[in-house]
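Enquirer: Listed below, chain by chain, are the residues.
Protein chains: 2
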Amino acid sequence: MKIGVDIGGTGIQAGGVNAEGKIVVRNSVPANAQAGYKAMSLSIGELINKTAAEINEKFPEDPAESVGIGVPGVISPDGATVVKAVNIFWENVPLKKDIEALTGLATALGNDATVAGVAENRFGATKGADSAAMYTVGTGVGGSLILFGHIVKGAHGSATEFGHMYAGDDTYTCNCGKNGCLETFSSATGLIKEAQRRIAAGEQTTILEAAGANPENINAKMVIDAAKAGDAVGTACFNRMTDKLAQNMAGVTDVVDPAVIAVGGGVSAAGDFLFDALNQKYRSYLTFPDAVTTKIVPAQFGNDAGIIGSAYIWDYLTD
Amino acid sequence: MKIGVDIGGTGIQAGGVNAEGKIVVRNSVPANAQAGYKAMSLSIGELINKTAAEINEKFPEDPAESVGIGVPGVISPDGATVVKAVNIFWENVPLKKDIEALTGLATALGNDATVAGVAENRFGATKGADSAAMYTVGTGVGGSLILFGHIVKGAHGSATEFGHMYAGDDTYTCNCGKNGCLETFSSATGLIKEAQRRIAAGEQTTILEAAGANPENINAKMVIDAAKAGDAVGTACFNRMTDKLAQNMAGVTDVVDPAVIAVGGGVSAAGDFLFDALNQKYRSYLTFPDAVTTKIVPAQFGNDAGIIGSAYIWDYLTD
Numbered sequence: 003m004k005i006g007v008d009i010g011g012t013g014i015q016a017g018g019v020n021a022e023g024k025i026v027v028r029n030s031v032p033a034n035a036q037a038g039y040k041a042m043s044l045s046i047g048e049l050i051n052k053t054a055a056e057i058n059e060k061f062p063e064d065p066a067e068s069v070g071i072g073v074p075g076v077i078s079p080d081g082a083t084v085v086k087a088v089n090i091f092w093e094n095v096p097l098k099k100d101i102e103a104l105t106g107l108a109t110a111l112g113n114d115a116t117v118a119g120v121a122e123n124r125f126g127a128t129k130g131a132d133s134a135a136m137y138t139v140g141t142g143v144g145g146s147l148i149l150f151g152h153i154v155k156g157a158h159g160s161a162t163e164f165g166h167m168y169a170g171d172d173t174y175t176c177n178c179g180k181n182g183c184l185e186t187f188s189s190a191t192g193l194i195k196e197a198q199r200r201i202a203a204g205e206q207t208t209i210l211e212a213a214g215a216n217p218e219n220i221n222a223k224m225v226i227d228a229a230k231a232g233d234a235v236g237t238a239c240f241n242r243m244t245d246k247l248a249q250n251m252a253g254v255t256d257v258v259d260p261a262v263i264a265v266g267g268g269v270s271a272a273g274d275f276l277f278d279a280l281n282q283k284y285r286s287y288l289t290f291p292d293a294v295t296t297k298i299v300p301a302q303f304g305n306d307a308g309i310i311g312s313a314y315i316w317d318y319l320t321d
Numbered sequence: 003m004k005i006g007v008d009i010g011g012t013g014i015q016a017g018g019v020n021a022e023g024k025i026v027v028r029n030s031v032p033a034n035a036q037a038g039y040k041a042m043s044l045s046i047g048e049l050i051n052k053t054a055a056e057i058n059e060k061f062p063e064d065p066a067e068s069v070g071i072g073v074p075g076v077i078s079p080d081g082a083t084v085v086k087a088v089n090i091f092w093e094n095v096p097l098k099k100d101i102e103a104l105t106g107l108a109t110a111l112g113n114d115a116t117v118a119g120v121a122e123n124r125f126g127a128t129k130g131a132d133s134a135a136m137y138t139v140g141t142g143v144g145g146s147l148i149l150f151g152h153i154v155k156g157a158h159g160s161a162t163e164f165g166h167m168y169a170g171d172d173t174y175t176c177n178c179g180k181n182g183c184l185e186t187f188s189s190a191t192g193l194i195k196e197a198q199r200r201i202a203a204g205e206q207t208t209i210l211e212a213a214g215a216n217p218e219n220i221n222a223k224m225v226i227d228a229a230k231a232g233d234a235v236g237t238a239c240f241n242r243m244t245d246k247l248a249q250n251m252a253g254v255t256d257v258v259d260p261a262v263i264a265v266g267g268g269v270s271a272a273g274d275f276l277f278d279a280l281n282q283k284y285r286s287y288l289t290f291p292d293a294v295t296t297k298i299v300p301a302q303f304g305n306d307a308g309i310i311g312s313a314y315i316w317d318y319l320t321d
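If you're matching them up, the sequences are chains A and B in order. When we follow the working numbering, the leftmost residue of the first sequence carries the number 3, and every step to the right adds one. When we follow the working numbering, the leftmost residue of the second sequence carries the number 3, and every step to the right adds one.
There's no promise every hint is true.
Because identical chains share one entry, a pair is satisfied inside a single copy or across any pair of copies.
[What the hints assert, rightly or not] For lysine to any residue, the following SDA-like pairs were computed, each having C-alpha atoms within a straight-line distance of at most 20 Å:
{"hint": "1", "residue 1": "180", "residue 2": "283"}
{"hint": "2", "residue 1": "283", "residue 2": "170"}
{"hint": "3", "residue 1": "283", "residue 2": "61"}
{"hint": "4", "residue 1": "52", "residue 2": "65"}
{"hint": "5", "residue 1": "86", "residue 2": "74"}
{"hint": "6", "residue 1": "180", "residue 2": "293"}
{"hint": "7", "residue 1": "180", "residue 2": "281"}
{"hint": "8", "residue 1": "180", "residue 2": "170"}
{"hint": "9", "residue 1": "129", "residue 2": "316"}
{"hint": "10", "residue 1": "129", "residue 2": "305"}
{"hint": "11", "residue 1": "180", "residue 2": "241"}
{"hint": "12", "residue 1": "180", "residue 2": "242"}
{"hint": "13", "residue 1": "230", "residue 2": "305"}
{"hint": "14", "residue 1": "40", "residue 2": "231"}
{"hint": "15", "residue 1": "180", "residue 2": "282"}
{"hint": "16", "residue 1": "40", "residue 2": "178"}
{"hint": "17", "residue 1": "223", "residue 2": "238"}
{"hint": "18", "residue 1": "180", "residue 2": "291"}
{"hint": "19", "residue 1": "223", "residue 2": "47"}
{"hint": "20", "residue 1": "180", "residue 2": "295"}
{"hint": "21", "residue 1": "283", "residue 2": "96"}
Read the hints as simulated data drawn from the structure, not as lab findings. Given the structure is predicted, the values throughout are model-derived calculations rather than measurements.
Based on the provided sequences and hints, a complete structural model is requested.
Expert: Laid out in structure tokens, this is it:
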């Protein structure tokens, strides 16, 4: 059985994932990023050993065979090193080697957005597609791309950063230092900032009531709920987000023309209201609308995508 | 020996390409697109048979073995049909089957921009790179992408249309019907239109003299030469073109992170003046400038790219 590990900013989850994509053993520890990489890697190793022991005891016919780890950061092209993971303060750490030494299990690393795409392609919303893109729309916009049945990592591990593609000139600068990144338009953060900007400019909206009259309390759900109810500011913010996201998806289609595009992350909870708008706008931005039949669909795995996708990253490696 | 065929708007070239990428036998016929597909395909079949006979006579140890055809249009995902080639009036024509029947040689089809990328990857500017992008910058902007050693055609044959990705709001609408396509900024056409627009707005420039005082006579070389000489309008047009092209290349890097990017087409004749500007601007637009070492380099094959790349498309197919 494959073990998947999902490293988050606050907690680290591990699971034994069976051949049907079900998590049949599950454990977790706090992330404790302040303790530093050495302590964290030891803690991850123990978590994996504990999970492996439980798998071997409960499923002797399907013992622990491999480990995949989803990391919130950039992985080196050879898949051995976490080049940078800012939220947990890692830089150039040899995680693959260290975990293999601690567990005796073959270990593969993947970016967290990438492994979410793997989970969907192996068992979920893009299952069976030889080419698939996935967008994770939350605080930022993460990306994943599978082509020819392989994860696209890029020559320098820098591929599938859809959130940092140019989408137009924007009213604020992205965390990455550039202006005009997709995620400043089409993330939860971008949605909230646009609502706050309009409120500061004096526009009237029900969003302010929902936030208890304090713009600092606005969240993405409040903005989308206002759009659903026909509020003008909510609608303008929602249209801005979906316009730029759909246009970017058409741009990614101009590059690789994936068979299907999944969207996960917190914003995807908006349901049909979101997906109907995205699909309609996507078609209007396509270069070849007569040829391209690609649909934008909701991701099926929420918080479990990290464990499931990490476990099955092995099926998508080129070597 | 492999035979490559390059179908252009005015002429059709065929060549026998040896294992070193040299064209050792060469023939051509006029395109005669008005005669219709049936007559054209017969003419292409005869051209190939003539070329094959010459190969077999001159190189009996390396006889004609296969045919690749570069087409200025969209190829179906299965590689059998030309879905649309507007310049030669083809729509849904079974070129692969017809040429195989006429010649008895296994035949593969490729988009003309795609096969240019194959020529560079097999023998030229991106040789040896497992992942490579190519831009053909002329009247429009064509694209080619090789990943995992395969041509990226897309699930619907609609991939690598870099010229139609969103680059910003523009002063005129693209031939495709959208506004803001890269090629309205960064093709020879876009360069010329911007110079004409500035002249119509009353801006003073040496470009007008070079064009014999008639803006209709302006070509891309006149604009770039003016930029090289420091003319303000030439410089503004050149900067607009290279800014948007470099930003798009950074965007394609955000999607697939290729190891190298080649640029061919008429505009690439501008040499170091162009490539120095592109490389400098590209680095400024990269999301991970510390990780990405990709260089933008001139394509090595001019008019022969079509023949060479078509012949070797076989090495890049997935099936």
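Enquirer: Would you mind marking each hint as holding or not holding in the structure?
Expert: Here is how each hint holds up against the structure:
For a Cα distance limit of 20 Å, the shortest separation of residue 180 from residue 283 across copies, 13 Å, qualifies, whereas the shortest one inside one copy, 25 Å, does not. Taking the closest pair of Cα atoms, residue 283 and residue 170 come within 20 Å of each other both inside a single copy (16 Å) and across two copies (17 Å). Proximity of residue 283 and residue 61 under a CA criterion of 20 Å is satisfied in neither setting, with 48 Å inside one chain copy and 56 Å between copies. In this homomeric assembly, residue 52 and residue 65 come within 20 Å of each other (Cα to Cα) only inside a single copy, at 13 Å, whereas the closest approach across copies is 63 Å.
Taking CA atoms no more than 20 Å apart as the test, residue 86 paired with residue 74 passes inside one copy only; the shortest distance there is 9 Å, against 43 Å between copies. In the homo-oligomer, the alpha carbons of residue 180 and residue 293 lie at most 20 Å apart only across protomers (16 Å), although the nearest pairing inside one protomer, at 34 Å, exceeds that limit. Taking identical chains as interchangeable, the C-alpha atoms of residue 180 and residue 281 lie at most 20 Å apart only when they sit on different chains, with a minimum of 17 Å there against 28 Å within one chain. With identical chains, the CA atoms of residue 180 and residue 170 are at most 20 Å apart both within one copy (11 Å) and between copies (15 Å).
Proximity of residue 129 and residue 316 under a CA criterion of 20 Å is satisfied intra-copy only: 16 Å inside one chain copy versus 29 Å between copies. Taking the shortest alpha-carbon separations for residue 129 and residue 305, only the intra-copy value of 18 Å comes in at or below 20 Å, while the best inter-copy value is 42 Å. Taking identical chains as interchangeable, the C-alpha atoms of residue 180 and residue 241 lie at most 20 Å apart only when they sit on different chains, with a minimum of 19 Å there against 23 Å within one chain. For the identical chains of this complex, residue 180 and residue 242 are neighbours both inside a copy (19 Å) and across copies (18 Å), given an alpha-carbon limit of 20 Å.
In the homo-oligomer, the alpha carbons of residue 230 and residue 305 never lie at most 20 Å apart, since the shortest distance is 25 Å inside one protomer and 55 Å across protomers. For a Cα distance limit of 20 Å, the shortest separation of residue 40 from residue 231 qualifies neither inside one copy, at 50 Å, nor across copies, at 58 Å. In the homo-oligomer, the alpha carbons of residue 180 and residue 282 lie at most 20 Å apart only across protomers (15 Å), although the nearest pairing inside one protomer, at 29 Å, exceeds that limit. In this assembly of identical chains, the alpha carbons of residue 40 and residue 178 never lie at most 20 Å apart, being 28 Å within a copy and 55 Å across copies at closest.
Taking the closest pair of Cα atoms, residue 223 and residue 238 come within 20 Å of each other only inside a single copy of the chain (14 Å); across copies the shortest separation is 44 Å, beyond that limit. Taking the shortest Cα distances, residue 180 and residue 291 sit within 20 Å of each other only across copies (12 Å), while inside one copy they are farther apart (31 Å). For the homomeric pair residue 223 and residue 47, neither the shortest alpha-carbon distance inside one copy (37 Å) nor that between copies (62 Å) is at most 20 Å. With identical chains, the CA atoms of residue 180 and residue 295 are at most 20 Å apart between copies only, with a shortest distance of 19 Å across copies and 33 Å within one.
With identical chains, the CA atoms of residue 283 and residue 96 are never at most 20 Å apart, being 43 Å at best within one copy and 33 Å at best between copies.
The structure fails hints 3, 13, 14, 16, 19 and 21 (numbered hints given earlier, in ascending order).
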